[in-house]
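Protein chains: 2
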Amino acid sequence: MLAQTPAPPYYAVIFSSVLSEETTGYTEMSKLMVNLASQQAGYLGHESARNEVGITVSYWKDLESIKIWKQNLDHQEAQTLGKLKWYQCYKTRICKVERDYGFEI
Amino acid sequence: MLAQTPAPPYYAVIFSSVLSEETTGYTEMSKLMVNLASQQAGYLGHESARNEVGITVSYWKDLESIKIWKQNLDHQEAQTLGKLKWYQCYKTRICKVERDYGFEI
Numbered sequence: 731m732l733a734q735t736p737a738p739p740y741y742a743v744i745f746s747s748v749l750s751e752e753t754t755g756y757t758e759m760s761k762l763m764v765n766l767a768s769q770q771a772g773y774l775g776h777e778s779a780r781n782e783v784g785i786t787v788s789y790w791k792d793l794e795s796i797k798i799w800k801q802n803l804d805h806q807e808a809q810t811l812g813k814l815k816w817y818q819c820y821k822t823r824i825c826k827v828e829r830d831y832g833f834e835i
Numbered sequence: 731m732l733a734q735t736p737a738p739p740y741y742a743v744i745f746s747s748v749l750s751e752e753t754t755g756y757t758e759m760s761k762l763m764v765n766l767a768s769q770q771a772g773y774l775g776h777e778s779a780r781n782e783v784g785i786t787v788s789y790w791k792d793l794e795s796i797k798i799w800k801q802n803l804d805h806q807e808a809q810t811l812g813k814l815k816w817y818q819c820y821k822t823r824i825c826k827v828e829r830d831y832g833f834e835i
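Protein sequence lines correspond, in order, to chains A and B.
Quick note, the working numbering runs 730 ahead of the 1-based positions in the first sequence.
Quick note, the working numbering runs 730 ahead of the 1-based positions in the second sequence.
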């Protein structure tokens with residue numbers, strides 16, 4: 731269930747959000763976008779969880795892949811709807827993963 | 731509820747985990763660690779959510795602050811207990827936040 735990412739360096743987009751009260755269509759669009767993102771060149775995986783705050787981290791090969799995904803037309807439509815309807819607030823952080831380590835039983 | 735971070739560059743530690751079936755003491759230790767982390771030099775904030783996967787992102791001024799927090803004795807004890815008892819698997823990613831942007835109603 732954790733994203734299986736390659737050895738660093740690679741990139742992470744941390745998308746943190748708080749939903750508004752109007753969430754009609756949000757879950758469907760979320761699933762669509764995860765599906766669409768996973769088909770993009772340079773996509774390496776993602777992890778997602780939501781309680782009061784929702785956090786989705788998507789992992790990418792390089793900045794160019796992130797830029798192309800941000801400009802994808804369907805994704806832009808989802809971003810517009812997100813601002814208009816679904817999100818009370820959000821923050822996107824573009825990060826270079828410099829080091830990682832893990833543990834698995 | 732979103733972390734109020736300064737202008738980049740700063741650092742993010744993405745800690746993604748799946749819990750094991752033995753979670754006794756986990757919630758209490760989590761709260762203790764968030765509290766302790768927030769008192770460390772260089773701590774800038776954090777965001778956290780858990781469903782099947784738990785994601786905690788903590789934000790830091792620089793790599794040195796992250797290193798000192800990792801070596802904190804109480805934190806090391808929590809890390810050891812985490813490996814022994816609470817986590818089925820986890821991954822820690824140390825990232826440099828290069829750019830961020832957001833939206834608030």
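In case anyone wonders, no lab produced these hints; they're calculated from the structure.
By construction, the Cβ of each residue, glycine as well, lies at the ideal position given by its N, Cα and C atoms.
Where hints are given, some of them may not hold.
Said to hold, decoys possible - Covered stretches of chain A (chain B as the covering partner; in silico rule of three or more C-beta atoms under 8 Å from a C-beta of chain B):
1. 740–754
2. 757–769
3. 772–785
Hints, one by one, checked against the model:
Only when three residues or more bring their CB closer than 8 Å to a CB of chain B does the claim for the region 740–754 of chain A stand; here the count is 6, and the claim holds. Coverage of the region 757–769 of chain A by chain B is violated [criterion: at least 3 residues with CB-CB distance below 8 Å; count 0]. Check on the region 772–785 of chain A: 9 of its residues sit with their Cβ under 8 Å from a Cβ of chain B, so the three-residue criterion for coverage holds.
Consistency with the previously given hints fails for number 2 only.
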